[in-house]
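One line per chain: the protein sequences are E, Z and V, in this order. The first sequence runs 1 to 103 under the working numbering. The second sequence runs 1 to 133 under the working numbering. The third sequence runs 1 to 134 under the working numbering.
Derived from the structure by calculation, the hints contain no laboratory data. Hints may contain errors.
To be verified - Here are some, though not all, of the chain V residues that point toward chain Z, as calculated from beta-carbon distances under 7 Å:
1. Phe2
2. Ala9
3. Leu12
4. Met13
5. Leu130
6. Leu133
Unchecked claim - Which residues of chain E face chain V? A few of them, derived with a C-beta cut under 10 Å, are:
7. Gly62
8. Gln65
9. Asn66
10. Val67
11. Thr68
12. Met71
13. Thr72
14. Val74
15. Asp78
Only a predicted model underlies this, so the values are computations on that prediction, with no experimental measurement involved. In this text, a Cβ means the ideal position worked out from N, Cα and C, and glycines have one as well.
Okay, here's what each chain looks like letter by letter:
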Amino acid sequence: MINPTNTNLPALTGTSQTGGASASSAAGGGETSFADSLQKSIDEVSRLQQDATKAVDDVATGQTQNVTGVMTAVEKADMAFKTLLAIRAKLMDAYDDIKGISV
Amino acid sequence: MFLDRLLNQGNAPLLEQWLQFTEARERLLAEDVANVSTPHYQQKDLSLAQFQSALRERMNLRDSSPPGAVRFEDISMDVQSPRHNLMFHDGNNRSMEQLMTDQAKNALMHTLAVELLRQQYSVMEMALRERVS
Amino acid sequence: MFDILDTGASGLMAQRIRLDTIAGNIANINTTRDADGKNDPYRRRFVVLAPGRADDPSLPGVHVQQVGIDPSPLIRRYEPGNPEADKEGYVSYPNIDLSIEYVNALEASRAYEANVTIMDTAKSMFTSSLRLLA
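Please build the complete structure, drawing on both the sequences and the hints.
Structural data, given as structure tokens:
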């Protein structure tokens, strides 16, 4: 009973050390990775919107009969755009809050 | 000028032309159905295949031109008589099944185009409002 | 989704032509003369249906390939007093069996209804998928 806990401790300290190392590296590269992920999200939204535009073009010119595919593509692009807009709204509110902090 | 570009971006002009086409075709089909028992009446129709290929050409032209240069409003169609090899003794060349099917397809396409266009304008509105709802 | 309606419409037209042929057969069940008045009994007509639409046989659907004339022997009845009788006293009547024609007509009308149901189902599927966009 005592032995298993003793043997677990090194394992726990081992994970906490590696966890700490990764956390510090994330904190160290924090600003660029957030901007990168934001940029990737914007690119993703743009890609989804282009897919939706192409799908609607195809169904309007009769090149595809897959109407449900078109609708899901349009809806996905819509949801992605709304998500991005909501993130932007939150970021603007956060910036206003920070600006309003009186020093 | 930039308002023109804003309102005509993406699929909006394409969908507007599609709506106009389906409306004009619905009118012709209604006239055909009304004249189902008229002797020597030639059925009138607008060809969907022709419209779609004209639209595709205009789209390809738009992709290879500077933005705002290519308009969609001047796509015009001629009224034709459908060819389905039927002739009745009174000189009428109707086919009730074909008429009702074309009318159903036309109505479905119209609904689809309306929904897609509405969704486009709501995305533009959302961007202007800067809020999701 | 839209070409399902065209497939259904081709089925409707084919069944309608079949029903027209059957109606013609039933109407002419005792016709012993042709349009010119000569003694040429009406022969049973039947439709030959083939897959593919009339304008494009590679698309799904059905079309009437031809309206054929049934070559089976005519029904001969012994009526020596009839002016139409041949030298042995037999009159030739069309090779049409009313019960067969009636059953075929029933089948054609059921097939017509089934095609209409398919088209209705396709339309309601489309309308319900429009709710994705709402």
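Hints, one by one, checked against the model:
1. Phe2: holds (5 Å)
2. Ala9: holds (4 Å)
3. Leu12: holds (4 Å)
4. Met13: For V/Met13, the interface hint holds, since the closest Cβ of chain Z sits about 5 Å away, which is under 7 Å.
5. Leu130: holds (6 Å)
6. Leu133: holds (5 Å)
7. Gly62: Status holds, d = 9 Å.
8. Gln65: holds (5 Å)
9. Asn66: holds (8 Å)
10. Val67: holds (4 Å)
11. Thr68: With Cβ-Cβ at 5 Å, under 10 Å, it holds.
12. Met71: Given a least distance of 5 Å, the restraint on E/Met71 holds.
13. Thr72: With Cβ-Cβ at 7 Å, under 10 Å, it holds.
14. Val74: holds (7 Å)
15. Asp78: holds (8 Å)
The structure is consistent with each of the numbered hints, conforming to all of them.
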